[in-house]
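Residue numbers (this note's numbering), protein chains in the order written: chain A, 1 to 392; chain B, 1 to 392; chain C, 1 to 392; chain D, 1 to 392.
Source of the hints: derived by calculation from the structure; they are not laboratory data.
Please note: incorrect hints may appear among the correct ones.
Which copy is meant is left open, so a pair is good if it fits within one copy or across any two.
[Claimed, not checked] Here are the simulated lysine-lysine pairs, DSS-like style, with alpha carbons at most 27 angstroms apart: (1) LYS4 / LYS54; (2) LYS131 / LYS340; (3) LYS295 / LYS336; (4) LYS220 / LYS51; (5) LYS4 / LYS51; (6) LYS102 / LYS220; (7) LYS102 / LYS375; (8) LYS295 / LYS51; (9) LYS4 / LYS126.
There are 4 protein chains.
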Amino acid sequence: MPHKSGRHFLQIPGPSNVPDRVLRAIDNPTMDHRGPDFGVFSQGILHDLRKIFKTRGPVIIYPASGTGAWEAALVNTLSPGDQVLMSETGQFATLWCDLANKLGFEPLFMEGDWRHGAPADAIEAKLRDDKNHSIKAVCVVHNETSTGVVSNVANVRRAMDAANHPALLFADTISSLGSVDFEHDQWQVDVTISCSQKGLMLPPGLSFNAISDKALAAAKSNSYARSYWDWQAMLANNASGFYPYTPSTNLLYGLREALDMLLEEGLDNVFRRHDRYAEATRRAVQAWGLEVLCKNPDEYSSVLTAVLVPDGQDADHLRAVILDAFDMSLGTGLGKVKGKVFRIGHLGDFNDLTLMGTLSGVEMGLSLADIPHQKGGVDQAMAYLTETAGRT
Amino acid sequence: MPHKSGRHFLQIPGPSNVPDRVLRAIDNPTMDHRGPDFGVFSQGILHDLRKIFKTRGPVIIYPASGTGAWEAALVNTLSPGDQVLMSETGQFATLWCDLANKLGFEPLFMEGDWRHGAPADAIEAKLRDDKNHSIKAVCVVHNETSTGVVSNVANVRRAMDAANHPALLFADTISSLGSVDFEHDQWQVDVTISCSQKGLMLPPGLSFNAISDKALAAAKSNSYARSYWDWQAMLANNASGFYPYTPSTNLLYGLREALDMLLEEGLDNVFRRHDRYAEATRRAVQAWGLEVLCKNPDEYSSVLTAVLVPDGQDADHLRAVILDAFDMSLGTGLGKVKGKVFRIGHLGDFNDLTLMGTLSGVEMGLSLADIPHQKGGVDQAMAYLTETAGRT
Amino acid sequence: MPHKSGRHFLQIPGPSNVPDRVLRAIDNPTMDHRGPDFGVFSQGILHDLRKIFKTRGPVIIYPASGTGAWEAALVNTLSPGDQVLMSETGQFATLWCDLANKLGFEPLFMEGDWRHGAPADAIEAKLRDDKNHSIKAVCVVHNETSTGVVSNVANVRRAMDAANHPALLFADTISSLGSVDFEHDQWQVDVTISCSQKGLMLPPGLSFNAISDKALAAAKSNSYARSYWDWQAMLANNASGFYPYTPSTNLLYGLREALDMLLEEGLDNVFRRHDRYAEATRRAVQAWGLEVLCKNPDEYSSVLTAVLVPDGQDADHLRAVILDAFDMSLGTGLGKVKGKVFRIGHLGDFNDLTLMGTLSGVEMGLSLADIPHQKGGVDQAMAYLTETAGRT
Amino acid sequence: MPHKSGRHFLQIPGPSNVPDRVLRAIDNPTMDHRGPDFGVFSQGILHDLRKIFKTRGPVIIYPASGTGAWEAALVNTLSPGDQVLMSETGQFATLWCDLANKLGFEPLFMEGDWRHGAPADAIEAKLRDDKNHSIKAVCVVHNETSTGVVSNVANVRRAMDAANHPALLFADTISSLGSVDFEHDQWQVDVTISCSQKGLMLPPGLSFNAISDKALAAAKSNSYARSYWDWQAMLANNASGFYPYTPSTNLLYGLREALDMLLEEGLDNVFRRHDRYAEATRRAVQAWGLEVLCKNPDEYSSVLTAVLVPDGQDADHLRAVILDAFDMSLGTGLGKVKGKVFRIGHLGDFNDLTLMGTLSGVEMGLSLADIPHQKGGVDQAMAYLTETAGRT
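Using the sequences and the accompanying hints, generate a full structural model.
This is the structure:
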């Protein structure tokens, strides 16, 4: 196909744009994953990865997509037929529920409107009702990639404590890790699920489980048959930096580089940078007279903004127009909001001018696709970026 | 650590040396795996991949290590408690058996001496004995990476037919695909398991299931709970070039390049190249007065040669000496042959002079490590390469 | 230094942003520049390069900066003390004049105001006055990188013909080639000078001379001592694809890729793309209430726009503010316009959204640096891009 | 063309094999060579480069081939018609003499047999004869790339001192720098010429002049017209890390990496490594019963070995056979020794096993091309490498 001039704008909410440093790292020659150099290299990664999850406990790296890490969390700690409490925050919560069903667990799926985070009070009530502790785990999607809504995981933990319920707490940080603050230890999360291709700025192909002592204990007594996802062999091998089966060596090179970049910048700076771009984006959306899908400002996502198109308009048509005219990929509406929203990713390796290119592409696309809107979104974003310039 | 001059010799039997074309492909910017360009790109890969497996049926690509593809074959077709017939050809057959056990199947593990391939006649006998067809699958490791022995899969198929037994036939081509001839359709294999980091010349991180109609039918009626490995969602999405969860985009770029390279060279040429290097290697081993682990010349592997060190010698010491003095990684002896053998990988992106560097490193290492041997291995290999020069 | 998130915006008027395809090509292993593969490879480049210069004659590739190609044009055709007629269109014309002086030629430098192109009528007058044909060459900078003014080379040729003067015509297309139409044969240019790092989208390090028959004839009789720049040895070696001294092999890999990209897109499309971005930029400048340095709309450059800051303002301070706040490099004012202008490069591998990022950075920078201006430049550019979307 | 499996063996005496670290560095995005980051980056290079030349004086980097640096040395210090004393050590000395002629100097070319270095005693005699000091410079090729002979530059300096002659001393270290010890200050060399693509392990495209105070003084009073090569503008700009015209930015990225690698390894270790490979190579040549072109063991080159083929044999046929059968490039015989010698490069990023691959290719090629020889060269090289293993 003919050359498209310039760089594609990959503004879906992940995979995010992979920085050159990471791409260059990934294309180094594959090394012997059983040799002494690998052990040293790998231990450094396993050590620094804990800083990103903010945990002192182990973090396991799977050569797998994020979906695999969902599965891993469940099969390592639960037994067939166990109840898990889940909240319908959006498409990914729904898919996780489907997965739990397929694997033979019994999800209790609390209905949601896809415009709010997981309701801590309702979770507390459910847990209080569960007198005999049939519920073995509470599953929360920290940042719903399909809606741009952040669930307050600390509140969910408080709700569980208030209900005095022994269930494990699982948090999906697939699209929040490295972009939005997350505290595995502080919030007493038992298993944190994540992946490589969002805030970690890597291509897809790696996924993670950060594991609490309580989860480790559960893993010793649960009865679910497992092999690929089994923590025990992983942890035993990881102690010396090795793996029970071949790791994804070249993506680990990229992970090393990404960890260095995040830690050089400082996580707090990284989070502030994401917050600033999210706010600029919302100001643009507001100026356009469009609605942000997320209803509660306390739950706004700094990773992506899902934008509702006016009734009768097709968000996917808008996306196609923008892709065609401006070589920018935006996120589609998934599941229940298909065609109703488009999603702007503003995460990862990103800066002020790339955000402005992104928002300009949306504003111009709204015109080209004849979506009713007002001008001025780009101007509002510029005003905010100017006013806050240099603050990250 | 200080610069080591020159290129590392990665002569383990996989991961193999990744050619520059593949590394360069992998470091292209990650694209939207739900966009239209991806669909087209991905369909081309899925189409050409069939040529490598020599099948007209579907091949599934997992973002996972080869181990995952073992698991996938079993959980998609069998039900908990099903018997599988396996042959102890070496460490990987043993690990596959362990995996089957962990997942709740009942492997019948036929003992072996790690110096021969899977015994078709004994398999036939076992199947004849299995009057009520409790055995649901026969599992064969095509090329045992731990021993350098190739099992004759066509013979196993003939044995199964002779016994008139309905079990499925699973073949592990982890280390043979793209190096040694394999015929999924012709040999009526039901599930072929493979991965990216050997004959396909990619980094680790992708694995495969090629699937027969019979296996597809089994997948519709078996009762094993599964999600990540589930074929149905994969096949449904793959029809238009997409995936039910995020694929390992950048490794797919590399796969595209590797397929092009193999098909440009022609598979028959690729196989002849591997045969020639294996023969040269064995001539060197023989000249050194050492023994090839594989006992039956019909079962010699063209992917790697496992070499026995004399009694009382430590093969791992030799490997450490070679790594230290000559910056070459050789394969360790695994499991039962730990310390007794070292393995020379001669697969993938490899040529005459790299082979000579490799064999020179072994010959010099034998001296440095004081392993009793005769000189002249390198000379024999050169004689053979000269005599057959230009024949690949 | 700490990680800067996102990609740097390199919006100087060259070196331009190098596309990934070119960067990936450049990092291939260096090959034997005297081997048979190189000859074939190199002949292909020399052939296709003519299409970019629009000539059927030879194009020479120097492993050197563009400055070297200036020198090469002069020393291959003129003799010490020869008069050359030059027009002060800006800093690069001035530097070329300095170079001619240093090399022992006698430039007649026609004064200019740095806001217009070379004056064809004045050139004609000078040539008419030169009864005894002391002037041996007329030198024109096609696109003045310091001012954003394009000289009409075809008009200069017509002026020379009208004066019936035998001088050679030299055109510097350092910053125009591959961005703005240029016709070496059609306009009867005798030596065209160019380089790699602008419209050809390569890193710096290669430069070019396209040569007419008349120039070749001059090169046979002139008396200037030369070696590195000598055409004869180059042309003799180039006939078979080789070079009299080591070429810049890896940059040639990039050149191959860049030629493919330009020819795939089609030169006319490439030029239209540049025109469109230039017009959008000028509309933004006008909306800001700032002045474009180029006075004559017929001479506007599609490569870059030089913008005057209001009296009393320092354009370099603005550039520093923008670099610091928005990680974008803009071109400085050179020579006589130091501090008075900044230059926006909109050439090479570039697209709508990168332009919008660029213009947003300027508009925000004007505010941050307290340069008096009106808002609305970005809006005007968006309006124009929207109105013309898909037209390139 | 179809895929050639494995890596090409580039065993010409330069360009040498470029290590991955350098290639990866080169493919980083081009930066603004007039921006503040560049200045800092560039000053670091200019500082560390002195360590390689072993000088406290300035080293200039040209975006040009090595040939350009020859020209630069002459035109910056001499005046038209000046006599230069040169010694015919081989093809490159001859080319340098041609260049001096072309540029209008008067070389006194002392005949040589292409098997010895520059004769210090004869040089001394010539200088003593030059009573009125017409000779302005003595030019020595440190390592003759065409013959594999090293001239003793320190002895030449002593000869000049003994003759009490004020001529400048120029040394061409094109193929020795970074491979064989060279001491610009210690040996009182006035201009040292070098380039990127040999011991510095870079692609071609950069060349160097290291400059003594005496040479700087000469540059202030000589009368040769010059611009591109002029030291003054370079030195003035380099003081702050900048260049008078666009530098070859991406090759400078590679230079930064190469300097790091050489300094990490330590120059003495680098030199010992080269010595060891050269000795192993000569032992192989001797075992084959062939003759090394260099006659004097004190002048053996550690960079390359030129090998004479028996009378009546064609060295270029041998090279073609080896390229075709074993994908290895060897150096051709140049000029007077065309067809009579082939040259084995053993420089740069190179290790024991790559050397063994190289020598195996030669030994096998001798058989394939029916060149009379004895076997055993590879064995002798292995014996030597084994005996000296770990000594670098």
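Checklist line | Index of numbered hints that the structure contradicts, given in increasing order | finding: As far as the earlier hints go, 2, 7, 8 and 9 are violated by this structure, in ascending order.
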